[in-house]
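Sequence lines, in order, name chains A and B.
Following numbering that gives the first Met the number 0, the numbering of the first sequence begins with 0 at its first residue and continues without gaps.
Following numbering that gives the first Met the number 0, the numbering of the second sequence begins with 0 at its first residue and continues without gaps.
Errors might be hidden in some of the hints.
[Said to hold, decoys possible] No more than 20 angstroms apart at the CA atoms, straight line, and that leaves these computed lysine to aspartate or glutamate pairs for EDC-like:
(1) A/K16 / B/E134
(2) A/K132 / A/D190
(3) B/K71 / B/E103
(4) A/K183 / B/E74
(5) A/K119 / B/E137
(6) A/K183 / B/D73
(7) A/K65 / B/E134
(8) A/K14 / B/D57
(9) B/K1 / B/E74
(10) B/K78 / A/E182
(11) A/K119 / A/E51
(12) A/K169 / A/D208
(13) B/K136 / A/D190
(14) B/K71 / A/E51
(15) B/K71 / A/E182
(16) A/K65 / B/D24
(17) A/K14 / B/E137
(18) A/K14 / B/D130
Because the hints were derived from the structure by calculation, they are not lab data.
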Amino acid sequence: MDLNQISQAVEELEKDKALSLVQQALDEGVDPPEIINSGIVPGLQGVGKKFETEEYFLAELMMGGKVSQACMDLVEPHLPATGSASAGTVVLGAVEGDLHDIGYSLVATQLELNGFKVHKIGVNVPAMTFIDKAKETSADIIGLSAFLVTTIPNCNEVIDYLRDMGIKDKYKVIIGGTETSQEKAVAMGADGWAPNAVEAVKLCKGLMDIN
Amino acid sequence: MKTGFITCGALGQEVKGIVRKQGWDAEIIGVSPEDHMFPMRIAPDVEKRIERIQERCDRLVVVYGECGSRGKLDEVLDKYNIFRINARNCYEMYAGTKYDQFLEEEIGTFFLTDFLVRTFHRAVIQGLGLDRYPELKETYFHNCTRIVYLIQNDSPQLRQEAQVIADFMNLPLQFHETGCGNLEAHLRELMNKEEHRKGRPSYRTTSCWKNNISNELLMCY
Ligand code: B12
Numbered sequence: 000m001d002l003n004q005i006s007q008a009v010e011e012l013e014k015d016k017a018l019s020l021v022q023q024a025l026d027e028g029v030d031p032p033e034i035i036n037s038g039i040v041p042g043l044q045g046v047g048k049k050f051e052t053e054e055y056f057l058a059e060l061m062m063g064g065k066v067s068q069a070c071m072d073l074v075e076p077h078l079p080a081t082g083s084a085s086a087g088t089v090v091l092g093a094v095e096g097d098l099h100d101i102g103y104s105l106v107a108t109q110l111e112l113n114g115f116k117v118h119k120i121g122v123n124v125p126a127m128t129f130i131d132k133a134k135e136t137s138a139d140i141i142g143l144s145a146f147l148v149t150t151i152p153n154c155n156e157v158i159d160y161l162r163d164m165g166i167k168d169k170y171k172v173i174i175g176g177t178e179t180s181q182e183k184a185v186a187m188g189a190d191g192w193a194p195n196a197v198e199a200v201k202l203c204k205g206l207m208d209i210n
Numbered sequence: 000m001k002t003g004f005i006t007c008g009a010l011g012q013e014v015k016g017i018v019r020k021q022g023w024d025a026e027i028i029g030v031s032p033e034d035h036m037f038p039m040r041i042a043p044d045v046e047k048r049i050e051r052i053q054e055r056c057d058r059l060v061v062v063y064g065e066c067g068s069r070g071k072l073d074e075v076l077d078k079y080n081i082f083r084i085n086a087r088n089c090y091e092m093y094a095g096t097k098y099d100q101f102l103e104e105e106i107g108t109f110f111l112t113d114f115l116v117r118t119f120h121r122a123v124i125q126g127l128g129l130d131r132y133p134e135l136k137e138t139y140f141h142n143c144t145r146i147v148y149l150i151q152n153d154s155p156q157l158r159q160e161a162q163v164i165a166d167f168m169n170l171p172l173q174f175h176e177t178g179c180g181n182l183e184a185h186l187r188e189l190m191n192k193e194e195h196r197k198g199r200p201s202y203r204t205t206s207c208w209k210n211n212i213s214n215e216l217l218m219c220y
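Kindly produce the complete structure, drawing on both the sequences and the hints.
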């Protein structure tokens, strides 16, 4: 079957159609990772592009996330239990004081779709919780999300604590969210910044030396 | 001396009231409050207003918080050497230090102002697409735990409308009267700054805005 149809249905936010096409692909024996990589992911990326060009608004972006998540839920049980190495482990959350979780959830979805193991640790997360979770999961990357001007300093705090503890080199720290920028990332000593989920994947791949 | 106030549309009515009360010779020009949904529009839209009214006014001030422009607004203001109000957002402009206290008390606080109560349907329901996808309500508000309505001009009707909003969001509602006193002090501070630097354009230090150091503001109180 033509997996473009799945992409299109996801992009058009047609949940029922997307789900039935995914089911059809599974029934026809299409390789499940192929359904994800050539069907669901390009569909979600299409939604992201439409959001950037303001053809879609926030609500459509979120619906796109929901449609692709529902498709993923359908495919996941069919994925081979490979035990293969993941692209990397990322601890991701919104820093202390910040309740905005839509942006980083989309980043998490895209990273997962691209083979990363993601630990979402929620909103309003204190600096030490990021660090504890990174240690516990042997993470490669710590992702900090901040949407408020008041919460930007809390990104700095995580980096400062890592430095104080002498473990900054063990983790790559990346930031994102409305109030962040490349300049701010550089200024606070973060290892990277991305404006959106697609770029966040590229950034993480780059940090992990994956093409 | 005529002052041009370039103000966020969400503050327009209140700024007009203060300017009238103070009797300042002023021209007030608003920027669409819808820009809050598209924060990258704020800096270019403010710049358009600067270009439009700078010839007509002796000086300009900008009544905006740090509303998600990723620093672009301050870049524009630096370019034209214009001051911005010394507050992070409109909630702080109204509530002053109480703003941080509310958040310390309860981080899940969602703030309302008179403007937001009046325009909730357009700004929030339509703005967030809840009219098209009501099922997203939980996704948006699941981290909010209470509403604090910062009241500028108390009215039973607005209180009632705030209650309707709280019911819609399934959250407890708290009222806090701020009036417009803090905003007025901020505007007076801006006007004083402009007075001081007359003929001394290099007076401006941007650090006080960027770091939110409010010593000068305290002097005004
Ligand atoms: C939706 C929203 C809300 C929702 C949050 C719902 C939720 N569950 O997340 C609600 C209504 C609850 C809310 C509340 C508030 N909000 Co709000 N909110 C927004 C809004 C409209 C959209 C944010 C969003 O989710 N965008 C969707 C994402 C997908 O877009 P995005 O930024 O492009 O996301 C990408 C990048 O940021 C990046 N990214 C995100 N995280 C990360 C992390 C990493 C590591 C990386 C690499 C990348 C990355 O990837 C994302 C996906 O592509 C913005 C305005 C705007 N348009 O930005 C205001 C905005 C962020 N909010 C704002 C404010 C002021 C508030 C409130 C204080 C308002 C109030 N009345 O009380 C509260 C604060 C609550 C708190 N303590 O956090 C201001 C912040 C201003 C500032 N700079 O401080 C904004 C900018 C609006 C404005 N212009 O005034 N808000």
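Against the structure shown, which of the earlier numbered hints fail to hold, in ascending order? 3, 8, 9, 11, 13 and 16
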